[in-house]
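Engineer: Here's the letter readout for the chains.
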Amino acid sequence: MEEFFQQLTNGLAVGGIYALIALGYTMVYGILRLINFAHGDLFTLGAYLGFTLLVSWGLSGVLGGLAVAGVLILFAMGLVAIAGCLLERIAYRPLRNSDRLTAVVSALGASIFVQNAIMLVCGARSQVYPTGILPTTIIPIFGVDVSAMRFLMFGFSLLLMLLLYGFIHKTRLGAAIRAVAIDQDAAKLMGIDVNRIISTVFLIGPALGGAAGVMVGLFYGQITYDMGFSFGLKAFTAAILGGIGNIPGAMVGGILLGVIEALGAAYISIAWKDAIAFCVLILILIFRPTGILGERVAEKI
Amino acid sequence: MNARIIDHPQFSLLVGVVFFMLMAMVPTGLELSGVSGGGIAQLDVLNKIGIYAVLALSLNIILGQTGLFNMGHAAFFAVGAYTTAILNTMYQWPVFSTMPAAGFLAALFAFLVVMPIIHLRGDYLLVVTIGIVEIVRIALMNNIFGITGGPNGIYGIARPALFGLVFSSVKLQYYLIWSFTGISLFLFYLLEHSRIGRAFNYIKHDDLAAAGCGINVARYKLMAFVLGAFWAGMAGTLYAANIRTIEPMSFNFYESVILFAIVILGGSGSNAGVILGAFLLVGLQDLFRGFDSARMLFFGAAMCAMMVFRPQGLLPPRRRRYNAWQLVGKFASAIRRSYPCDEDKRNDR
Amino acid sequence: MKKTFSLITVMLVSLLYTGVASAADVKIGLMAPITGAFASEGQDMQKLLELMVEETNNSGGINGSKVELLVEDDGSTPRSAATAASRLVAKGAPVVIGTYGSAVTEASQDIYDEAGIVQIGTGSTSIRLTAKGMKRFFRTCPRDDEQGRVAQETLQKLGYKRVAILHDNSAYAKGLADETKALIDAKKSAEIIFFDALVPGERDYSAILTKLKGVNPDAIFFTGYYPEAGQLLRQMAEMKFSIPLLGGDATNNLDLVKIAGPAAEGYHFISPPMPADIDNPAAKELIKAYVAKYKSQPSSIWVVLAGDAYLVLVEAIKHKGPDAGAIAEYLHKDLKDFEGMTGKISFDDKGDRVGDIYRLYKVDEKGNFILQPK
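Chains as they are written, first to last, in the numbering used here: chain U, 21 to 321; chain L, 47 to 395; chain P, 4 to 377.
Everything labelled a hint here was simulated from the structure, so no lab data went into it.
Owing to the predicted nature of the structure, the values given are computational and were not obtained by experimental measurement.
The beta carbon of each residue, even a glycine, is placed where N, CA and C say it ideally should be.
Just so you know, not all the hints are guaranteed correct.
[As the list claims (entries may be wrong)] Using 30 angstroms as the maximum straight-line C-alpha spacing, the simulated DSBU-like pairs for lysine-lysine come out as follows:
| hint | chain 1 | residue 1 | chain 2 | residue 2 |
| --- | --- | --- | --- | --- |
| 1 | P | K30 | P | K69 |
| 2 | P | K30 | L | K217 |
| 3 | P | K353 | P | K339 |
| 4 | P | K347 | P | K184 |
| 5 | P | K191 | P | K365 |
| 6 | P | K135 | L | K217 |
| 7 | P | K190 | P | K135 |
| 8 | P | K184 | P | K135 |
| 9 | P | K243 | P | K369 |
| 10 | P | K138 | L | K217 |
| 11 | L | K217 | P | K94 |
| 12 | P | K94 | P | K50 |
[What the hints assert, rightly or not] Derived coverage of chain L by chain P (criterion: at least 3 residues anywhere in the stretch with Cβ under 8 angstroms from a Cβ of chain P; other residues may be distant):
| hint | stretch |
| --- | --- |
| 13 | 188 to 200 |
| 14 | 333 to 340 |
[Claimed, not checked] DEER-style ranges, computed between Cβ atoms:
| hint | chain 1 | residue 1 | chain 2 | residue 2 | range |
| --- | --- | --- | --- | --- | --- |
| 15 | P | G95 | L | D338 | 14 to 22 angstroms |
| 16 | L | N298 | U | P268 | 30 to 38 angstroms |
| 17 | P | I196 | L | S143 | 40 to 48 angstroms |
| 18 | L | P146 | U | D165 | 52 to 60 angstroms |
| 19 | P | Q159 | L | P146 | 46 to 54 angstroms |
| 20 | U | E22 | P | G162 | 25 to 33 angstroms |
| 21 | L | A264 | P | G119 | 50 to 58 angstroms |
Take these sequences, add in the hints, and give me the full structure.
Structural biologist: The following block contains the structure:
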């Protein structure tokens with residue numbers, strides 16, 4: 021039982037990261053019906069920007085550990101948001117009225133481009149965040165030792181998700197985003213500037229991905245130029261699992277995927293862990309063809 | 047004048063014949079031009095383009111013709127390649143005799159895994175096919191059934207031989223691969239212009255209307271997958287015989303992505319476009335070798351740019367045209383069936 | 004349509020012209036993963052060899068002829084490796100160094116063999132590569148079974164009775180794990196209570212470590228690569244799971260310490276000795292020059308093994324000239340106890356490197372790799 025709880029906390033921590041990245045996929049999908057394959061690489065970009073800032077500014081000497089983390093996350097979020105916006109302008113906006121798959125291929129190209137740009141600038145070798153920024157306190161609960169950082173990471177992911185949820189459902193801009201997601205043409209007739217809304221979504225989604233990137237860097241230390249691929253694929257799977265285009269769905273999907281992986285590794289096989297996760301995904305989709313919470317927008321009636 | 051030639055019903059066949067005649071002359075041309083090594087490096091790239099072309103043509107049935115988002119085509123390719131490798135190295139079957147088995151097993155696999163998910167729409171199907179290709183790769187890695195050799199894969203696959211002729215040199219492989227490409231292209235041309243091909247296209251453009259016209263949509267979708275997988279399995283045989291060492295990483299998600307991109311870039315549904323797409327996407331990766339470690343950067347940028355500047359694809363399929371008067375009498379029912387296909391409705395939205 | 008044809012023509016023409024080689028005296032090919040999963044290894048191999056070629060040429064070349072290094076990217080995949088090999092054959096290199104990864108090497112072996120080219124593998128440890136009777140294939144890296152033997156002996160010597168073996172399902176790590184397991188089982192020196200693979204490239208291995216903690220081993224032998232080993236150490240410390248972790252030569256990388264931080268202290272791994280630890284001033288100078296030029300150490304021992312391949316080739320060419328057949332014969336018969344960067348180098352009939360190469364290293368509290376006495 022103790023091991024089960026331990027595995028559960030392991031799964032929740034990873035799931036929180038998946039969920040945060042999944043939000044970026046799901047927001048873009050909800051509004052453009054586009055799988056933004058470059059999103060995983062924006063997550064990597066966030067991790068690298070955080071690293072560069074940390075090393076070049078020498079922040080760790082000036083501020084306390086958690087303050088450094090906060091500053092880094094904010095800066096990385098801002099910069100990745102700009103990158104996301106540029107990406108949309110260059111690679112997706114010209115294709116808005118074309119076939120959907122055209123934009124998917126463009127996204128794949130952008131993904132290859134961003135990943136290799138990071139490799140060329142920062143090198144193919146992995147970079148490592150300096151250790152000792154974050155406290156290594158351990159909190160025992162239910163007889164299980166859990167690092168305080170895992171709580172913090174999970175809590176911070178949850179906080180960002182709740183903020184986003186509140187933003188989408190309680191503000192005017194949020195309402196406009198929902199309107200554009202439902203029907204672009206009708207939204208336009210209601211006087212909503214659709215281009216601006218789409219740009220906003222491409223600010224928020226990548227920003228969340230960038231935050232996740234810094235968190236991974238701070239907590240796990242090591243970052244590589246190609247890590248966006250596996251994280252991106254998992255997060256995308258999580259978004260589909262929860263019902264893509266659906267914000268609570270991305271959260272549920274991400275956390276569920278993390279837990280499935282941890283429990284699959286614990287009780288079935290470590291080497292087959294990812295295959296187990298995909299099998300569960302396929303099974304869920306067979307019985308619920310639009311994910312657990314369902315898709316907000318029907319593709320076609 | 048120009049337009050009239052293009053509109054001729056046999057025009058695309060003519061282009062194909064000319065193209066393959068040119069391709070047949072390439073090895074000799076390379077030798078005469080005096081490039082180093084008798085052009086084996088160039089032929090090797092062309093061989094890879096050929097294999098990708100066959101694979102992309104087979105994906106084109108599923109993705110381009112029927113409009114089913116399949117981003118896991120490498121799974122079927124892998125089943126074929128491993129079938130050939132196992133039958134050849136463990137049971138000493140000659141390579142060519144494994145080809146039908148490779149195609150059949152890939153098709154059977156497709157039938158079994160796709161049947162329960164064929165009702166999924168658009169992107170859900172896409173992610174499930176990604177899941178399938180990843181599961182297949184992980185299964186191969188973990189040496190499933192104890193016959194796939196795990197991460198090391200299988201080596202020592204024999205060269206294919208036909209009537210005593212062993213296809214050992216790069217040049218002979220070239221003729222083998224491109225003959226197979228030619229045959230595939232011709233068969234796919236026939237398929238496209240058959241009743242089944244029309245049904246596929248109808249489903250792509252509007253599956254509700256297709257169902258309304260009496261087409262069994264689920265059955266035809268499954269048929270597209272099975273046909274595509276069969277051909278991908280046979281391409282697996284070609285690949286295994288060409289490279290002679292296969293391992294799980296050769297069939298990862300990234301391979302599926304490249305195939306997917308070839309079909310969409312080519313024009314989603316046109317066979318000629320797919321061939322051109324294979325030349326561009328596989329050839330470009332090689333042409334950019336001069337950029338050293340920046341080669342994939344340029345490749346990614348090129349992929350983006352090609353889509354942005356030509357969103358409809360390089361050679362989008364032309365609208366089906368029928369001479370109604372000719373059809374009357376011959377296939378009276380065909381007119382009714384084919385008429386709504388001309389409605390060039392956009393896929394979704 | 005016209006556009007299409009012109010596009011195809013342009014592509015064919017450019018394909019034709021990429022293969023044209025320029026004339027030089029001695030061509031040495033390097034096939035390495037410049038892009039793809041192992042890009043960091045390949046790029047460093049290229050850097051090190053470019054430096055070495057530069058030094059050779061500055062000191063007058065080999066018997067007066069300059070060396071030209073021809074680099075081809077194998078993209079870390081068998082498919083690109085076959086293309087890279089064909090290109091090196093077309094460019095007329097009589098000898099080729101490379102590559103990293105057994106399956107990738109395997110895809111190129113036939114092509115070189117058929118063209119009569121001498122190939123020296125640098126990171127290709129699978130046993131079967133030299134079991135095919137190829138006369139012109141060599142490798143500077145030891146085989147999996149050799150490392151497995153040393154791993155078994157080390158584990159026995161350290162007195163671990165309940166051993167967990169963890170690999171990462173890469174061809175290399177799986178090979179080493181299998182060899183070690185087979186030897187331990189054969190000699191009954193320990194009980195293997197856990198044998199499984201993690202997924203490389205992930206960040207969180209706490210699920211695996213929790214499972215390992217549950218089976219309570221004396222030690223864990225991890226056969227994979229340094230990033231995962233670093234993460235394992237780091238997360239073991241976080242979980243307060245303090246049993247020894249041992250690794251193979253793929254963890255011989257200074258980045259391990261950067262990733263693991265203070266948790267790296269006490270980590271053991273087996274590896275061919277590094278240039279700093281052998282009595283070869285030339286090798287030490289070379290690494291010093293490398294650090295001065297590129298501002299970092301070579302990323303791993305495999306890079307140094309590529310340097311060794313270059314050194315033996317230069318030695319052979321010095322005696323026999325750039326003729327593949329003569330070079331192969333020289334390497335088989337005449338090259339004995341050559342002073343390389345990882346110790347003495349000789350090859351047996353099969354092309355495998357002979358001798359007792361592996362040493363045990365331990366990480367000290369400052370994060371330095373300390374060679375342990377035999």
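Engineer: Does the stretch 188 to 200 of chain L contain three or more residues whose Cβ lies closer than 8 angstroms to a Cβ of chain P?
Structural biologist: That given contact holds, which follows from 5 residues of the stretch 188 to 200 of chain L lying within Cβ reach (below 8 angstroms) of chain P.
Engineer: Holds or violated: the 14 to 22 angstroms window for the beta-carbon distance between G95 of chain P and D338 of chain L?
Structural biologist: holds, 21 angstroms
Engineer: Would the pair K184 of chain P and K135 of chain P pass a check requiring their Cα atoms to be no farther apart than 30 angstroms?
Structural biologist: holds, 25 angstroms
Engineer: Quick one, are K217 of chain L and K94 of chain P close enough, alpha carbons at most 30 angstroms?
Structural biologist: holds, 17 angstroms
Engineer: Could one say that the CB atoms of Q159 of chain P and P146 of chain L fall in the range 46 to 54 angstroms?
Structural biologist: holds, 52 angstroms
Engineer: Given the hinted pair K94 of chain P and K50 of chain P, is their Cα-Cα distance within 30 angstroms?
Structural biologist: OK: K94 of chain P and K50 of chain P at ~21 angstroms, within 30 angstroms.
Engineer: Against the 30 angstroms threshold, does the CA-CA distance of K347 of chain P and K184 of chain P hold or violate the hint?
Structural biologist: holds, 28 angstroms
Engineer: Tell me if the straight-line CA distance from K135 of chain P to K217 of chain L falls inside 30 angstroms.
Structural biologist: holds, 25 angstroms
Engineer: Hint check: K353 of chain P vs K339 of chain P, CA-CA at most 30 angstroms. Holds or violated?
Structural biologist: holds, 15 angstroms
Engineer: Hint check: K138 of chain P vs K217 of chain L, CA-CA at most 30 angstroms. Holds or violated?
Structural biologist: Holds - the C-alpha atoms of K217 of chain L and K138 of chain P are around 25 angstroms apart, at most 30 angstroms.
Engineer: Does the Cβ-Cβ separation between N298 of chain L and P268 of chain U fall within 30 to 38 angstroms?
Structural biologist: Given a distance of about 32 angstroms, which is inside 30 to 38 angstroms, the answer is holds.
Engineer: Against the 30 angstroms threshold, does the CA-CA distance of K30 of chain P and K217 of chain L hold or violate the hint?
Structural biologist: holds, 25 angstroms
In terms of the numbered hints stated before, the structure departs from none.
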